[in-house]
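Visitor: Here is how the chains run, residue by residue.
Protein chains: 2
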Amino acid sequence: MIDNRQVKVVAFDADDTLWHNETFFREAEEKFAALFENFSPAHTVTRELLATEIKNLEWYGYGIKGFMLSMVETALRITHGAIKPEVIRHILDIGTDLLQKPVNVMPDAPLVLQTLQAHYKLVLATKGDLLDQERKLRKSGLEKYFHHIEIMSDKKEADYQKLLRHLDIRPAELLMVGNSVKSDVLPVLALGGQAIHIPYHITWAHEHAEPVIDQAGFVKAEKIRDLLPWL
Amino acid sequence: MIDNRQVKVVAFDADDTLWHNETFFREAEEKFAALFENFSPAHTVTRELLATEIKNLEWYGYGIKGFMLSMVETALRITHGAIKPEVIRHILDIGTDLLQKPVNVMPDAPLVLQTLQAHYKLVLATKGDLLDQERKLRKSGLEKYFHHIEIMSDKKEADYQKLLRHLDIRPAELLMVGNSVKSDVLPVLALGGQAIHIPYHITWAHEHAEPVIDQAGFVKAEKIRDLLPWL
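Just so you know, the protein sequences line up as chains A and B, in that order.
In terms of our numbering, the first sequence has 73 at position 73, counting the first letter as 1, and numbering is strictly consecutive.
In terms of our numbering, the second sequence has 109 at position 109, counting the first letter as 1, and numbering is strictly consecutive.
There may be inaccurate statements among the hints.
As the list makes no split between identical chains, a pair holds if one copy fits it or if it spans any two.
What the hints assert, rightly or not - Derived lysine-lysine pairs resembling DSSO-like cross-links, with alpha carbons at most 30 Å apart: (1) K101 x K156; (2) K162 x K121; (3) K144 x K182; (4) K144 x K31; (5) K162 x K144; (6) K156 x K144; (7) K162 x K84; (8) K55 x K144; (9) K121 x K8; (10) K8 x K31; (11) K220 x K84; (12) K156 x K121; (13) K8 x K101.
For the record, the hints were derived by calculation from the structure and aren't laboratory data.
This structure is a prediction, so every number in the text was calculated from the model and none was measured.
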């Protein structure tokens, strides 16, 4: 149940909530793995890449630039230094290609945002690189509905605490909408905020968490349009 | 002249305004150039690196991760593909080393921030990677004086317009304090905001701009302590 009389700010996750993103990362991983088919099977390469990404999160945070650096580092490690320079060049190309992907907006997102904008302050609350998210927001055509972008270095309780302080609102006045139970739902509920989970068909291995079932301030929706009856 | 009766928010640039930063980048560039002393003289290597960085700004924005990727790209280009994998490893090490530098706060910064905090909302308005700036702010011990961090993808007029909208203030209510005339002063004044310039002894080649001399809403200070009489 969402208590919409309390809500002042609706914060939307961006990637895989408002537009498709994870599919592009999976494609990039496949292209990366294909560069090393003479060294290791694809699933080994992607497992090594994931391990590098998680190790580096503390230093790089989220986003494509960190992903690119982790690909380069993984490539050096799994080839034991026997890598050709042109392979490094290919890796950089995989990354810059990611930065130029089209933005495919989820069905009904414009309608839902337009409707909600009349009643709430809408913010985009996302991890990743600000410049990349700004570019995607511009390409999406959804920019006009949002008060501003909140870039979060992570989406843990402490990060949402900062967000609440930044927005000058109480926890129950925040409604977070996103596709990750781990990042968009659990920490918000733990602080006394409200959350709507809209699952996406692919989740990055590092984002997996068991969905919560029954808690005040929480509902699960199938599509972004299902938000409207709650708000 | 600063009209302090209008000011509501004092936004501080971070790097080279509150703490030393550019010296670490110059050291990193020298280490990078030294890797290629058999290929090119140091000034040629750093010129090539700067050209790569500027070309990539549109895609990477500011910060250490983009700097690392530009070093890798430059290395591949200037060696014409004849680079050893361990040199790429060294480049990544130069970058991760940068992420772990100590934070040396400018003299009097704590005193000045503590004094101003009683009268204004203080925000940190900076380009670069959020995670890195959060880490530096924490290390600096200055975190407690700031309402929040504003990460800006660039510091042009349009970016300050977003910042004003985000803060819900009029231009004259913003006072920006920073070391870059190009990034911290000119775009703010152009919008009708106020700015204090505190020069730093090193400026990145891409940040050079001729100081403005005489304009309402602007003063030049020698040290951060010189802010106090104006506020």
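Visitor: Decide, hint by hint, whether the structure agrees.
Guide: Consistency of the hints with the structure:
1. K101 x K156: So K101 and K156 pass the 30 Å test inside a copy (28 Å) and across (25 Å) alike.
2. K162 x K121: Both, since 17 Å and 15 Å are each at most 30 Å.
3. K144 x K182: For K144 and K182, the Cα distance is within 30 Å both inside one copy (28 Å) and across copies (28 Å).
4. K144 x K31: This pair counts as neither: shortest intra-copy Cα distance 35 Å, inter-copy 45 Å.
5. K162 x K144: both (25 Å within a copy, 12 Å between copies)
6. K156 x K144: both (28 Å within a copy, 20 Å between copies)
7. K162 x K84: Cα proximity of K162 and K84: none, with 44 Å in one copy and 44 Å across.
8. K55 x K144: Between copies only: 29 Å across chains, 37 Å inside a chain, cut-off 30 Å.
9. K121 x K8: both (6 Å within a copy, 22 Å between copies)
10. K8 x K31: Cα proximity of K8 and K31: none, with 43 Å in one copy and 51 Å across.
11. K220 x K84: neither (48 Å within a copy, 51 Å between copies)
12. K156 x K121: Close inside one copy (22 Å) and across copies (25 Å); limit 30 Å.
13. K8 x K101: neither (33 Å within a copy, 40 Å between copies)
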